[in-house]
Structure formats: structure tokens, C-alpha cells
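Build out the structure end to end from the sequences listed, making use of the hints.
At position 112 of the sequence shown the residue is numbered 112 (my numbering), and the sequence of numbers has no breaks.
Please keep in mind that the hints were generated in silico from the structure rather than gathered at the bench.
Don't take every hint at face value.
[Stated by the list, open to error] Between beta-carbon pairs, the in silico distance windows are:
| hint | residue 1 | residue 2 | range |
| --- | --- | --- | --- |
| 1 | V26 | E4 | 24 to 34 Å |
| 2 | T77 | W119 | 43 to 53 Å |
| 3 | R108 | V28 | 10 to 20 Å |
| 4 | M47 | L115 | 16 to 26 Å |
[To be verified] Straight-line C-alpha distance at most 20 Å; calculated EDC-like pairs for lysine to aspartate or glutamate:
| hint | residue 1 | residue 2 |
| --- | --- | --- |
| 5 | K105 | D121 |
| 6 | K79 | E4 |
| 7 | K105 | D118 |
| 8 | K105 | E46 |
For clarity, every value in this text was computed on a predicted model and none was experimentally measured.
No residue lacks a Cβ here, since even glycine has one placed at the ideal position from N, Cα and C.
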Amino acid sequence: MVAELMSVVAVVGGGVVAGVFVAVAVSVFPTLSLLPAGQYIQLHREMGHRYHPSMPLIVNAAMVADIVLAVIVPGGTAKVLFGFAATALLGTQFVSHLCNVPINKSLRGLDPESLPDDWRDPRPLWRSWHRLRTSLALVALAVTAAAVALA
1 MVAELMSVVA VVGGGVVAGV FVAVAVSVFP TLSLLPAGQY IQLHREMGHR YHPSMPLIVN
61 AAMVADIVLA VIVPGGTAKV LFGFAATALL GTQFVSHLCN VPINKSLRGL DPESLPDDWR
121 DPRPLWRSWH RLRTSLALVA LAVTAAAVAL A
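Here you go:
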């Protein structure tokens, strides 16, 4: 019963994370990239409030489920795959907290109507980090699904 429940949490949680990240990558962020700097800053700050704490909790739930499954399922291949999926989700968290979140926080103190002369638009860097964490989330989802199929 525990393995079945953890499998659902791992697949659904991983699917939500990957789905949200893909939606941001293909729709939300390209739209943000079209905005003038001041409007971008205002909208990005607003959107950030909606993602926290939901996304970190969902990523952690999926990661913990993968870890539990890596420990409790019989068979070597599924164990390794669940461990790999958990590691990919941990990578997603690292990229989020060490790369994207600091950029998000740097926007909080800015006046969108009066940007400093030396302000550098963080959108290209934010997009690069987001693509990495999206890729990690997609890998985690695919590997989790394969592990569930093999378990």
C-alpha cells in the first residue's frame, strides 16, 4: 500500500512540476520577455508570490516519494531509477533556490518606474536557469514513470 501511494505522489507531483515548468518556458516567460522592463518587473514579482510555497512543497513531496520508493521497492533497476529521479528533483531544487530565486529576489527592491542606470536585464539568465530546471524536472518525471512501470 505504501509503495502504491508513494508511486502516485511521485508521478503526480513530478508531473505537476514538469508541467508548470514547461508552461512557464513555452508561454509565460516568452510573454514576459516582450514587456518593457518596468512592466516585466511588476508582473514577475506578482507571479512569484503565487508559486511560493506551492512549488517547493510539490517538488519536495515528489522527491521524498522517489526516495521512499528507492528504499522500499524490490529489484535493483527500479531502485536505481527512483534514486536517479530523486537526484534530478534535488537538482531542480538547487537550480531554483541557488539561481532563479536570487534573481527573483533582486527584483523586489527595484522601483519599476525608475530603474538604476546600471540595471542589467536578468531575463536571459533567468531563462537559461529555468530551462535547466525544466529539463531536470522532465528527466525526473520520465525516470519515475519508468521506475513505476518496472517496480
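- Is K105 close enough to D121, meaning Cα to Cα at most 20 Å? Holds, at roughly 14 Å.
- Message: Against the range 43 to 53 Å, how does the distance between the Cβ atoms of T77 and W119 compare: consistent or not?
- Response: holds, 50 Å
- Query: Does the alpha-carbon distance linking K79 and E4 stay inside the 20 Å limit?
  - Reply: holds, 15 Å
- Query: Hey, K105 versus E46, does the alpha-carbon distance stay inside 20 Å?
  - Reply: Between K105 and E46 the Cα gap is close to 12 Å, so the pair holds against 20 Å.
- Message: Taking the Cβ atom of R108 and the Cβ atom of V28, is their distance within the range 10 to 20 Å?
- Response: Given range 10 to 20 Å: holds, Cβ gap about 19 Å.
- Taken at face value, is the distance from the CA of D118 to the CA of K105 at most 20 Å? holds, 17 Å
- Query: Is 24 to 34 Å a correct range for the gap between the Cβ atoms of V26 and E4?
  - Reply: holds, 32 Å
- Can you let me know if the beta-carbon spacing of M47 and L115 is within 16 to 26 Å? holds, 19 Å
Violation of the numbered hints given earlier is absent; every hint is satisfied by the structure.
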